[in-house]
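> Residue-level listing of the chains:
Protein chains: 2
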Amino acid sequence: MSKKIITIGRQCGSGGHTIGKALAEKLNIPLYDREFLEEISKRSGLSEDVVEQEGEYSSANKVFNTATGFYRNYDMKDKASLPLREQINAYQMEYIKEVASQGPCVIVGRCADFVLRDRNDCLNVFIRSDLDKRVCRVIEEHRVPDEEAEMHIKDRDRKRADHYKYITGQVWGDVNNYHICLDSGFLGLDACIELIVKCYTE
Amino acid sequence: MSKKIITIGRQCGSGGHTIGKALAEKLNIPLYDREFLEEISKRSGLSEDVVEQEGEYSSANKVFNTATGFYRNYDMKDKASLPLREQINAYQMEYIKEVASQGPCVIVGRCADFVLRDRNDCLNVFIRSDLDKRVCRVIEEHRVPDEEAEMHIKDRDRKRADHYKYITGQVWGDVNNYHICLDSGFLGLDACIELIVKCYTE
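Chains as they are written, first to last, in this note's numbering: chain A, 1 to 202; chain B, 1 to 202.
No lab work stands behind these hints, which were simulated from the structure alone.
Here the structure is a predicted model, which means the values were calculated and not measured.
It is possible that part of the hints are untrue.
Since the list gives no way to pick out one identical chain from another, each pair is judged satisfied if it fits inside one copy or across any two copies.
Lysine to aspartate or glutamate pairs mimicking DMTMM-like chemistry, simulated, CA-CA at most 20 Å apart [stated by the list, open to error]:
hint: 1; residue 1: 4; residue 2: 146
hint: 2; residue 1: 97; residue 2: 148
hint: 3; residue 1: 21; residue 2: 94
hint: 4; residue 1: 165; residue 2: 146
hint: 5; residue 1: 97; residue 2: 39
hint: 6; residue 1: 3; residue 2: 52
hint: 7; residue 1: 26; residue 2: 39
hint: 8; residue 1: 3; residue 2: 194
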């Protein structure tokens, strides 16, 4: 089966973004990660900050966990009438489908594995790593203060998990939702990139 | 980090045994899978059937889910005084540690990732696949009758999950317990073997 799209789910501090960026460069295909914020901001008329906070990291996601399957029955024409967070999710889904239809690309986060589940040309990847290694990484790479690093990681991961549950009705990081899951702390980022390229190009 | 031991957790019908066998052949190292049954039978004086049923597939595992962490505090000298199932688990753990100490090898199932958690030279692998592909595989390869295939898979997976929970206190197939998880149905067995060899030899 020929693969066109790489979706990457990732624990905070696992290097998922770095891996996505390197894959896009190596394969010479576009990367969509923080690029979503600018585009969704443009389409919705909301600031990038609001798009980020109300999207993948909304603290309200948890409250709505039982209202799963949002994306499944959503009518895209009704976006304007939706609450803020639903608007952003709807714009995001529309944009994910749009970029996927344009050709090969790498999409980081945003439940892209679920949004594109009806395509059969996606390689769905999940990147994890042990907490101690992720703590080191967010201190060094993301410049999070030492004493806040663990809390920062746990908070972001909790919000990502809640968001994934809210959108998909499924468990974030469940091995059954991915074609390949890698421990970037154990294997190293370079090895992860090589393994994913191998999966993608074979 | 140089890796010596490959442990393989696997969903029933995912081809985990076949992958383990091919890895052992390619890397020219021993494979331990059903080999456990013969050895544990010899050591314990119990039949291979009893060893298999009371070990990884014991229907009693579920009942004892709350009594987790069995392996953690177990004194190996007391084996003879233990109930049958605990005896088998104890022999199994002892044998896993023994073969791992003898040199590189591939170990399929038996919570080997957990039993060898204090070593830092293990590559822990989990093999999964979608249910429909696993159904085809157990019909073709394991000669399970068509009408029983799905039930057979679900029963074995439930028992493996219960056994893993009983022994380790953790969730079987949790992405956080493995260095690499692969969808053998999507990627193909040959690609899985190549990817694991790449992880092992780099």
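> Next step is simple, just say for each hint if it's right about the structure.
Verification of the supplied hints:
1. With identical chains, the CA atoms of residue 4 and residue 146 are never at most 20 Å apart, being 39 Å at best within one copy and 34 Å at best between copies.
2. In this homomeric assembly, residue 97 and residue 148 never come within 20 Å of each other (Cα to Cα): the closest approach is 36 Å inside a single copy and 39 Å across copies.
3. For a Cα distance limit of 20 Å, the shortest separation of residue 21 from residue 94 qualifies neither inside one copy, at 22 Å, nor across copies, at 45 Å.
4. In this assembly of identical chains, residue 165 and residue 146 lie within 20 Å of each other by CA distance neither inside one copy nor across copies; the values are 30 Å within and 34 Å between.
5. Taking identical chains as interchangeable, the C-alpha atoms of residue 97 and residue 39 lie at most 20 Å apart only when both belong to the same chain, with a minimum of 14 Å there against 54 Å between chains.
6. Taking the closest pair of Cα atoms, residue 3 and residue 52 never come within 20 Å of each other, the shortest separation being 29 Å inside a single copy and 40 Å across copies.
7. Taking CA atoms no more than 20 Å apart as the test, residue 26 paired with residue 39 passes in neither setting, with 24 Å inside one copy and 49 Å between copies.
8. With identical chains, the CA atoms of residue 3 and residue 194 are at most 20 Å apart both within one copy (16 Å) and between copies (18 Å).
Of the hints listed earlier, those the structure fails to meet are numbers 1, 2, 3, 4, 6 and 7, in rising order.
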